Amino acid sequence: MKENNAKNLYVVWAIAFVVGLIAFVMKLVTGERLAGYGSYVPWGLWVGLYFHFIGIAGGAFAIGAIGYFLNFKGFREHIRVILLLSACSIVTGLFSIWLDLGQPFRFARILYSPNFGSMMAFNAWMYMVFFAIIAGIFYLSMNKIHQNDLHDKSGWLVPLFALGFVFSIAFPSQSGSFLGVVDAKPFWSSPLVPLLFLASAIICGAAAILLVFTFVFPAQTSVREQPFSMLRYIIIGGMAFYFVAEFAEFSLVFWSPNSEIRTSVELILFGPFWWVFWLVHIGGSIAALIMLIRGSSFKFLGTASFIVVVGFLSARLNVLIPGQAVSQLKGLQEAFYHFRLRYDYSPTLNEYLVAVFIGAFAVGLFYSGMKMLSKITTKRIGTLL
Amino acid sequence: MIPQEEHSMNKEEPKEDSVEKSSELTRRDFLRSAAVVGGGVAVAVGAVTVAKLSSPPKTPTGPETIRTISEMKTVSITEQSDILLRMQDELRAALAKPVEQRKWLMVIDTRKCVGCHACTIACVVENKLPPGVVYRPVVQEEFGKYPNVQLRFFPRPCMHCDNPTCVSVCPVHATWKRPDGIVIVNYERCIGCRYCLSACPYGARTSDYGLYYTENTPEIQPYERLSNNEYGKSWDRKGHSSPKGNARKCHFCLHRLNEGQLPMCVTTCIGRANYFGDANDPYSIVSQMAELPNQIKLLEEKGTKPTVIYLI
Chain A
1 MKENNAKNLY VVWAIAFVVG LIAFVMKLVT GERLAGYGSY VPWGLWVGLY
51 FHFIGIAGGA FAIGAIGYFL NFKGFREHIR VILLLSACSI VTGLFSIWLD
101 LGQPFRFARI LYSPNFGSMM AFNAWMYMVF FAIIAGIFYL SMNKIHQNDL
151 HDKSGWLVPL FALGFVFSIA FPSQSGSFLG VVDAKPFWSS PLVPLLFLAS
201 AIICGAAAIL LVFTFVFPAQ TSVREQPFSM LRYIIIGGMA FYFVAEFAEF
251 SLVFWSPNSE IRTSVELILF GPFWWVFWLV HIGGSIAALI MLIRGSSFKF
301 LGTASFIVVV GFLSARLNVL IPGQAVSQLK GLQEAFYHFR LRYDYSPTLN
351 EYLVAVFIGA FAVGLFYSGM KMLSKITTKR IGTLL
Chain B
1 MIPQEEHSMN KEEPKEDSVE KSSELTRRDF LRSAAVVGGG VAVAVGAVTV
51 AKLSSPPKTP TGPETIRTIS EMKTVSITEQ SDILLRMQDE LRAALAKPVE
101 QRKWLMVIDT RKCVGCHACT IACVVENKLP PGVVYRPVVQ EEFGKYPNVQ
151 LRFFPRPCMH CDNPTCVSVC PVHATWKRPD GIVIVNYERC IGCRYCLSAC
201 PYGARTSDYG LYYTENTPEI QPYERLSNNE YGKSWDRKGH SSPKGNARKC
251 HFCLHRLNEG QLPMCVTTCI GRANYFGDAN DPYSIVSQMA ELPNQIKLLE
301 EKGTKPTVIY LI
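Going down the list, the protein sequences come from chains A and B.
Every letter in the first sequence is one number past the one before it in our numbering, and letter 213, counting from 1, is 213.
Every letter in the second sequence is one number past the one before it in our numbering, and letter 76, counting from 1, is 76.
Just so you know, the hints here were simulated from the structure itself, not pulled from any lab data.
Everything numeric in this text was worked out from a predicted model, so none of it was measured.
Wrong hints could be hidden among the right ones.
Below, a list of computed lysine-lysine pairs in the DSSO-like style, where the Cα atoms sit at most 27 Å apart [claimed, not checked]: (1) B:K177 <-> B:K233; (2) B:K112 <-> A:K330; (3) A:K330 <-> B:K73.
Let the hints inform the model, and build the full structure from the sequences given.
The structure is reproduced here in structure tokens:
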């Protein structure tokens, strides 16, 4: 039964990868011609994926660090799995945003000629440093006397973890600030946006760890025990905070007689993509919450965490797209007609398929990483992970 | 993924006392962590502060930027001359000064604008703009109720703001404000992230998605493949070369200005609704128009300090 499940998952992954790969090659050949975004809504689905994966990376690391310091069951033994998860998410996020660049082969310029006054350059450098921190922690974690120890032999593991923890909280919030500093978009220009981004990073990071742990832990482990109960509480608590904050923002808009962001909120709730909010975001979250609260098997927890990891992309998109879809200058869209000069945006088939490829890429990268990790750790320290 | 029965089987059994010792955070941990985190924060704050205080990429200034444009010998310029001739003459005088002593300014008289869109098209032709790229659309405003309906037109070039939001967000210093006030894009530096497009409240920047008007016809017409001369260079858009994939915007026809010619939109305007010149010259037409009381600036509440003024 279990082998059948693994085989089915592999087939689904292979189909997603191959179909996505075709779309990806088409994107490489044609540039941005097959994409649906334009100049008035310049950031679309792939930018949403970038924010999402960066959030997963930060959230997973932050929770991993807390679990490691507080010695929650399973965290110290599996810290390298969490590091790998975080590293793969960073790489996937950067891959998504690389695809979105108009001149993708100039991406390195942001590293060697950065303007640190721009949140984008600042974040890019943070990702690089964070990646180096993960590599350092990974190396030092294999330099411990016992795998359950807090310290490594050099004594630098804990300080490096502390720095990584600060980074992992900072850059998901900065993803929100990345949008928040754009005064031209009133919907983004709210102090709540970085908090929402941080909350969704924590939620998705916890869900991603939970999903991975359902594969890694022995089947006989009780889902009511640690670390599963802690991860469930984090996801449930995070979602509760997110929805309260979202409700606060939206309700203010409708109470106010003259809110600047009313059009954006109306687009989220009643616009052409209403289903993204009501069905994916709200519906998916309710389904996941029920499974997380009542679920008593790995199957339920795995499904719930998968729904959260995938479905919470809607939270990113519901900030990203409606913020751009409202013109500050009335009549601009009608002034010069072209489909790239419109304030509405629907991802094209190519964008959706490339997004599927990005997801398959992330899974493939993590799976290969796990295989490699078990080889390295078996050889170096005699443990499987 | 990993055989679960083999899961996390440590070869070495931990001794309890050593685990306990190694599980406690020590003073040394706190000191080292504080030093590492504090150092990291200090480096980050330093990098941002230096970036915020640093000057924009170097634009040549000083006497070598003086451009000598010969006077129009066949026409005499008087107060009664066509304003295009007068502004052309003022342009010559402005170019005789170093770049840092000029300050380009545009005033658009909406009462004279008839909404013919000639400036939009002239700009498209001058800069050989591809589909989806526009530097100067004409925004139409309708107000009143039938039968008392009025139309007003707002041509919208780049505002060349004194506090440009597009500049500060650029991650690679690919766009900046020159000493003469023009906000430019360095196509060779731009990575095409489109952050500046999002940051501009006027929607004045558009991205070049590599389209052609005559694609999906038997042949892309040769005139679409001609190079343009933006920023005084030749850009042919071959393959995926710049400005394809870049942010593009109005630059007050800098390549024309440097040759003593007015921006194409100003030259083309049939109603003479555009005034352009050096704001540092108090006697220039544009300076005088900029002092009229019936003026507005678009989205002034955004704090961008636009240098394009509208007379209403």
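Quick rundown of the hints versus the structure:
Of the supplied pair hints, the one linking K177 of chain B and K233 of chain B holds, its CA atoms being roughly 19 Å apart against a limit of 27 Å. The hinted pair formed by K112 of chain B and K330 of chain A meets the criterion: a straight-line CA distance of about 21 Å does not exceed 27 Å. Distance check on the hinted pair: K330 of chain A and K73 of chain B sit about 46 Å apart at the alpha-carbon level, beyond 27 Å; violated.
Comparing the model with each earlier hint shows a violation of hint 3 alone; every other hint is respected.
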